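Spelled out, the chains give:
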Amino acid sequence: GQSLEQPSEVTAVEGAIVQINCTYQTSGFYGLSWYQQHDGGAPTFLSYNALDGLEETGRFSSFLSRSDSYGYLLLQELQMKDSASYFCAVDTGRRALTFGSGTRLQVQP
Amino acid sequence: GAVVSQHPSRVICKSGTSVKIECRSLDFQATTMFWYRQFPKQSLMLMATSNEGSKATYEQGVEKDKFLINHASLTLSTLTVTSAHPEDSSFYICSANRREVDTEAFFGQGTRLTVV
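Residue numbers (the working numbering), protein chains in the order written: chain P, 1 to 109; chain Z, 1 to 116.
Honestly, the hints are just simulated from the structure, not real lab data.
In this text the structure is predicted, and so the values were computed from the model without any measurement.
Glycine included, every Cβ here is placed at the ideal spot set by N, Cα and C.
Do not take every clue at face value.
[Said to hold, decoys possible] Taking lysine to aspartate or glutamate pairs in the DMTMM-like style, the calculated list, with each CA pair at most 20 Å apart, reads:
hint	chain 1	residue 1	chain 2	residue 2
1	P	LYS81	P	GLU14
2	Z	LYS66	Z	GLU87
3	Z	LYS41	P	ASP39
4	Z	LYS41	Z	ASP102
5	Z	LYS64	Z	GLU22
6	Z	LYS41	P	GLU14
7	Z	LYS41	P	GLU5
8	Z	LYS66	Z	GLU22
9	Z	LYS41	P	ASP82
10	Z	LYS64	Z	GLU52
11	Z	LYS64	Z	ASP88
12	P	LYS81	P	ASP39
[Said to hold, decoys possible] What follows is a set of in silico ranges between Cβ atoms, one per label pair, in the way DEER data are often shown:
hint	chain 1	residue 1	chain 2	residue 2	range
13	Z	ARG99	P	ASP39	28 to 34 Å
14	P	GLN79	Z	SER9	22 to 28 Å
15	P	GLN79	Z	GLU63	25 to 31 Å
16	P	ASN21	Z	ASN51	32 to 38 Å
17	Z	ARG112	P	TYR30	27 to 33 Å
18	P	GLN76	Z	THR103	20 to 26 Å
[Said to hold, decoys possible] In silico contact screen, one side only, chain P against chain Z (beta carbon under 8 Å); selected entries:
hint	residue
19	GLY15
20	GLY31
21	SER33
22	PRO43
23	PHE45
24	PHE87
25	PHE99
Model the full structure from these sequences, guided by the hints.
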């Protein structure tokens, strides 16, 4: 089967740094994506890693280790608007995505 | 940026009726679109891959006769929930990539379906 594991909830304060981990076990792997979803909204793309290493995009960075089937999303300088659910997702081919269970991030003042 | 539009955003229907949800790519052509379902506070689950000009590919456990998918043009895919039941109440979301080589998926706004 396919499974992606993430922590269910994370709480942090404004200005802090938070890391959301994702471990995966899938039958195919082309890359690991991260998406943000606010309550009632559509997921929005944050990052994609196809190769091992760190990708940085502004306050957000994403890391992948294919040998460990592991990745993480790093959010820096947290803002209140970052409170949302974060999903890792594996591209199993053809750009179809298998999503993780989601991590609910709560940013406190 | 690329935009995917989904309509309607909310729909309430009676048990036994059918509901059609539209997904449009507004500024690009999409030969492939994806349909997901999301229950409250849960993850997105891929239901099917919609292929322009050919049959959709359904994920294991998704009834193709219940969830009819039609991808009649390069910018429009429709999902029809037939003979809806309360357990079909969910958030349905479509997505598309601008090009198959692109890694960023653009999602529609989602459709909240409530079957009463």
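Verification of the hints:
1. LYS81(P) x GLU14(P): 10 Å, holds
2. LYS66(Z) x GLU87(Z): 13 Å, holds
3. LYS41(Z) x ASP39(P): 9 Å, holds
4. LYS41(Z) x ASP102(Z): 28 Å, violated
5. LYS64(Z) x GLU22(Z): Status holds; Cα separation ~17 Å.
6. LYS41(Z) x GLU14(P): The given pair, whose Cα atoms are some 24 Å apart, is violated under the 20 Å limit.
7. LYS41(Z) x GLU5(P): It holds: about 15 Å lies between the C-alpha atoms, which stays within 20 Å.
8. LYS66(Z) x GLU22(Z): 16 Å, holds
9. LYS41(Z) x ASP82(P): 17 Å, holds
10. LYS64(Z) x GLU52(Z): 16 Å, holds
11. LYS64(Z) x ASP88(Z): Status holds; Cα separation ~14 Å.
12. LYS81(P) x ASP39(P): 12 Å, holds
13. ARG99(Z) x ASP39(P): 28 to 34 Å: With a Cβ separation near 31 Å, ARG99(Z) and ASP39(P) satisfy 28 to 34 Å, so the hint holds.
14. GLN79(P) x SER9(Z): 22 to 28 Å: 27 Å, holds
15. GLN79(P) x GLU63(Z): 25 to 31 Å: Violated - the Cβ-Cβ distance for GLN79(P) and GLU63(Z), about 43 Å, lies outside 25 to 31 Å.
16. ASN21(P) x ASN51(Z): 32 to 38 Å: 34 Å, holds
17. ARG112(Z) x TYR30(P): 27 to 33 Å: 31 Å, holds
18. GLN76(P) x THR103(Z): 20 to 26 Å: With a Cβ separation near 22 Å, GLN76(P) and THR103(Z) satisfy 20 to 26 Å, so the hint holds.
19. GLY15: Interface hint status for GLY15(P): violated (27 Å vs cutoff 8 Å).
20. GLY31: Holds. Min distance 6 Å.
21. SER33: It holds, given that the least Cβ distance between SER33(P) and chain Z is near 7 Å, below 8 Å.
22. PRO43: 5 Å, holds
23. PHE45: 4 Å, holds
24. PHE87: Holds, about 7 Å.
25. PHE99: 5 Å, holds
The structure shown violates the earlier hints numbered 4, 6, 15 and 19.
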